[in-house]
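Student: Protein sequences appear in the order of chains Y and U.
Numbering-wise (my numbering), the first sequence opens with residue 1 and increments by one.
Numbering-wise (my numbering), the second sequence opens with residue 1001 and increments by one.
Derived by calculation from the structure, the hints in this document are not laboratory data.
Even for Gly, the Cβ is constructed at its ideal location relative to N, Cα and C.
There's no promise every hint is true.
What the hints assert, rightly or not - Quick partial rundown of chain U residues pointing at chain Y, CB under 7 Å, derived from the structure:
id: 1; residue: Tyr1073
id: 2; residue: Met1097
id: 3; residue: Phe1099
id: 4; residue: Gln1101
id: 5; residue: Ser1103
id: 6; residue: Pro1106
id: 7; residue: Trp1107
id: 8; residue: Phe1116
id: 9; residue: Gly1117
id: 10; residue: Ala1121
id: 11; residue: Gly1145
id: 12; residue: Tyr1254
id: 13; residue: Ile1255
As the list claims (entries may be wrong) - Residues from chain U shown here face chain Y by an in silico Cβ test under 8 Å; the list is partial:
id: 14; residue: Ile1045
id: 15; residue: Ala1071
id: 16; residue: Gly1092
id: 17; residue: Asn1168
id: 18; residue: Gly1180
Said to hold, decoys possible - Computed list of chain U residues with no C-beta within reach of chain Y, every gap over 10 Å:
id: 19; residue: Asp1024
id: 20; residue: Gly1096
id: 21; residue: Ser1130
id: 22; residue: Pro1229
id: 23; residue: Pro1252
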Amino acid sequence: MENTALKSDAAVKVEKPEPPILPMSGADLMPVPRLPKITRQHLSSAGIVALSLTIGVLLWHFVTATNLDFYINFENVPSPLWVFTAFVGHVQTEIFWTHIGVSMRRILISYCLAVALGISIGLVMGRSRIARAFIMPYIEVIRPIPAVAWIPLAILMWPTEESSIIYITFLGALFPIVLNTLHGVEQTPEVLVRAVQSLGASRWAVFRHVVIPAALPSIAAGLAIGMGVSWFSLLAGEIISGQYGIGYFTWDAYSLINYQDIVVGMLVIGFLGTASTAAVKAITRPMLKWQEKTR
Amino acid sequence: MLDVVKFKDPSRETSKGKGQIKVDEVSITFGSGKDAHLAVETTSIDIKAGEFVCILGPSGCGKSTLLNAIAGYVNPTTGAVLVDRTKVEKPGPDRGMVFQQYSLLPWKTVYENVAFGPKMAGHTRTEAGSTANTFLELVGLKKFGNRYPAELSGGMQQRVGIARALANYPSVLLMDEPFGALDAQTRLMMQESLLDIWNKFGTTVVFVTHDVDEAVFLADRVLIMSAAPGRIIEDVKIDLPRPRSTNLASTPEYIKARQFCLDTIKAESRRAFEDQNA
Chain Y
1 MENTALKSDA AVKVEKPEPP ILPMSGADLM PVPRLPKITR QHLSSAGIVA LSLTIGVLLW
61 HFVTATNLDF YINFENVPSP LWVFTAFVGH VQTEIFWTHI GVSMRRILIS YCLAVALGIS
121 IGLVMGRSRI ARAFIMPYIE VIRPIPAVAW IPLAILMWPT EESSIIYITF LGALFPIVLN
181 TLHGVEQTPE VLVRAVQSLG ASRWAVFRHV VIPAALPSIA AGLAIGMGVS WFSLLAGEII
241 SGQYGIGYFT WDAYSLINYQ DIVVGMLVIG FLGTASTAAV KAITRPMLKW QEKTR
Chain U
1001 MLDVVKFKDP SRETSKGKGQ IKVDEVSITF GSGKDAHLAV ETTSIDIKAG EFVCILGPSG
1061 CGKSTLLNAI AGYVNPTTGA VLVDRTKVEK PGPDRGMVFQ QYSLLPWKTV YENVAFGPKM
1121 AGHTRTEAGS TANTFLELVG LKKFGNRYPA ELSGGMQQRV GIARALANYP SVLLMDEPFG
1181 ALDAQTRLMM QESLLDIWNK FGTTVVFVTH DVDEAVFLAD RVLIMSAAPG RIIEDVKIDL
1241 PRPRSTNLAS TPEYIKARQF CLDTIKAESR RAFEDQNA
């Protein structure tokens, strides 16, 4: 016999069936491919982004074309067209790509170090009260120090220019990753720890199956923030460098009073920062698949 | 009618005679010095193997604390809890736990949640998987194995919680107001299916609730607890025929048992109230 009692509310969350399509005329019976709603939403938000950027560039053009001087002075600010022309010119040179490549390599090395160390420190601090009390004062004191302030000491401490730049960049990424990991670990629901303990989980299994997954959303946020911060620390670090890097390129343009190149450098940094943050988000997303279902 | 056991059930034989609980002169105090708070006053309980016992009491009376001591989450300040003559020192898979809040791992699918215990017990992936399927089928949710807990209703999640606890073939099933957060209709349904599962399994169940009807409907014995500090003030034997269904609520025997519990609770609350005002 069928056990009906157990299946009482089994149907509660099953998707609703498609409403039946009532045939009105022959034409309506034709299979019409419909765009899924999500695509339409994406299109409209992409449209808004495009509109927003267009307005921004137009405004920029307007204030530079009219040499607007209304408290803020735009007289010496290069126009979008000027910047664009400079950009196209640089794209054709090898040195420009070297700048970008060198910067990206520095970001990659610093960021990977920060991720490995930051997550480890955060996890240890989250699980051990002693470790937390021991490490926290250093984090509190060092975290507010801006990357630029580290330049002299970094030069004195590290054997090569490259290592001091990587150090400064690494520091920028480290703190958001540590703090977000710590925050995530602290948010582990106690009931879940208890539940798996009564299922026979060892300390390590509790860590592996409860603490880390519970902290993942917060860790992922820390990773994305850390990536953004590492780019603006990089710029500070590259002031040290006498040769390559997109930060160096921008700083050099300033020294040479090459206004349009300053803006080219700034925009390239902005773009690379955005792209790499998006890459981090794309990499962490599959690990948070369960969260999408929660909403 | 209840369906006849059709799944392979080694537990029936192995857990026979297992699941005997002895709460021996247990008292539980939280904090120390000035902040010390007596949660459970010296209490002794004997629960036979295979018995269904409800601990009934008002909110905050210490009934969950007592259950947590059996589970091993809380260590008694004095006395000891023995399950099958072994002292309880920490949580373990021999005592399955079902919580009031949803306690499934939200990042694991329903299937992975149920397979978790067997995996921890060292079973292979395949063995754990087939155990998970057996128990999901038992609670009627095999079709939902690939869903995440958040995609299920509250009642379904609690059924997964029961399946997960049973998948370790525990000798004792500890339930801490498991249906407290459900709506009335779902709760009735869940109570019936719990009895059905218990009937198949014969595991000892200790079920904590503040709902008199729930306690009387489910239990062989209802242990009524006083308001804080908690202690057992009455041990009521519920001699109603099994299998039970919701129609039972209209029988005179049920009404009598229920009335007795209510009167006991009322007398106790009056006493507690007068104590406070004395």
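Student: Decide, hint by hint, whether the structure agrees.
Tutor: Tested hints:
no., hint, result
1, Tyr1073, "6 Å, holds"
2, Met1097, "4 Å, holds"
3, Phe1099, "6 Å, holds"
4, Gln1101, "5 Å, holds"
5, Ser1103, "4 Å, holds"
6, Pro1106, "6 Å, holds"
7, Trp1107, "4 Å, holds"
8, Phe1116, "6 Å, holds"
9, Gly1117, "4 Å, holds"
10, Ala1121, "6 Å, holds"
11, Gly1145, "13 Å, violated"
12, Tyr1254, "19 Å, violated"
13, Ile1255, "23 Å, violated"
14, Ile1045, "20 Å, violated"
15, Ala1071, "6 Å, holds"
16, Gly1092, "7 Å, holds"
17, Asn1168, "6 Å, holds"
18, Gly1180, "14 Å, violated"
19, Asp1024, "21 Å, holds"
20, Gly1096, "7 Å, violated"
21, Ser1130, "17 Å, holds"
22, Pro1229, "23 Å, holds"
23, Pro1252, "25 Å, holds"
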